[in-house]
Amino acid sequence: NAGVMQNPRHLVRRRGQEARLRCSPMKGHSHVYWYRQLPEEGLKFMVYLQKENIIDESGMPKERFSAEFPKEGPSILRIQQVVRGDSAAYFCASSPPGGNTIYFGEGSWLTVV
Amino acid sequence: GNSVTQMEGPVTLSEEAFLTINCTYTATGYPSLFWYVQYPGEGLQLLLKATKADDKGSNKGFEATYRKETTSFHLEKGSVQVSDSAVYFCALGDNFNKFYFGSGTKLNVKP
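Chains R and L, in that order, give the protein sequences. Numbering follows this note's numbering, in which position 78 of the first sequence is assigned residue number 763; successive positions increment by one, without gaps. Numbering follows this note's numbering, in which position 70 of the second sequence is assigned residue number 948; successive positions increment by one, without gaps.
One or more hints might be untrue.
The calculated DSS-like cross-link candidates involving lysine-lysine, where the alpha carbons are at most 27 Å apart (straight line), are [claimed, not checked]:
| hint | chain 1 | residue 1 | chain 2 | residue 2 |
| --- | --- | --- | --- | --- |
| 1 | R | Lys712 | L | Lys946 |
| 2 | L | Lys984 | L | Lys938 |
| 3 | R | Lys729 | L | Lys976 |
| 4 | R | Lys729 | L | Lys946 |
FYI, nobody ran anything at the bench for these hints, they're computed from the structure. If you're wondering where the values come from, they're calculated on a predicted model, not measured in any experiment.
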């Protein structure tokens, strides 16, 4: 059973470009979470999604950031017009329906130059 | 609201020393408690968990006991190895599938 798959693992974007990060949850998992980790810091919750629904986006910046988890395909975290402060590791996690444990992917490291 | 507080690091120990990383929580309801470990450049891996009071989670020589009376879930290991050097995160999962993480504690084990 494959784990949570994230891609790309590393992404370099120039300021003003768009970054798209993809996450395929574990098989059978319908809940997806996105977290951001700045260098030498802890995890910051961004958004919690179920298929076709955003359950909690209280950690998402109000502008430039969006997330989706369509009926088919991976979850996407989209960052428009990236700035240097967006440089971070973005982790996706998933859990099964009714499950009380989340499992993390390997992360996507975004560098804005 | 729900939150997790864990001891600040870094924690530096010699190989074979005893490890304790403190974690306390605030929660409504009946949360589950977790420890995750993160090695450099990698994602978080589930280390152990406990789903109810007095449960003990254990894995790879690490243990933690869910103490409701002290709202704690301290991580312990009797004899650490250099390979245990990593960042350890305490976490809480509530009854609404939301998860709350501590700030992480970096452990350095010297040979």
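Could you work out which of the previously given hints the structure breaks and list their numbers from low to high?
1
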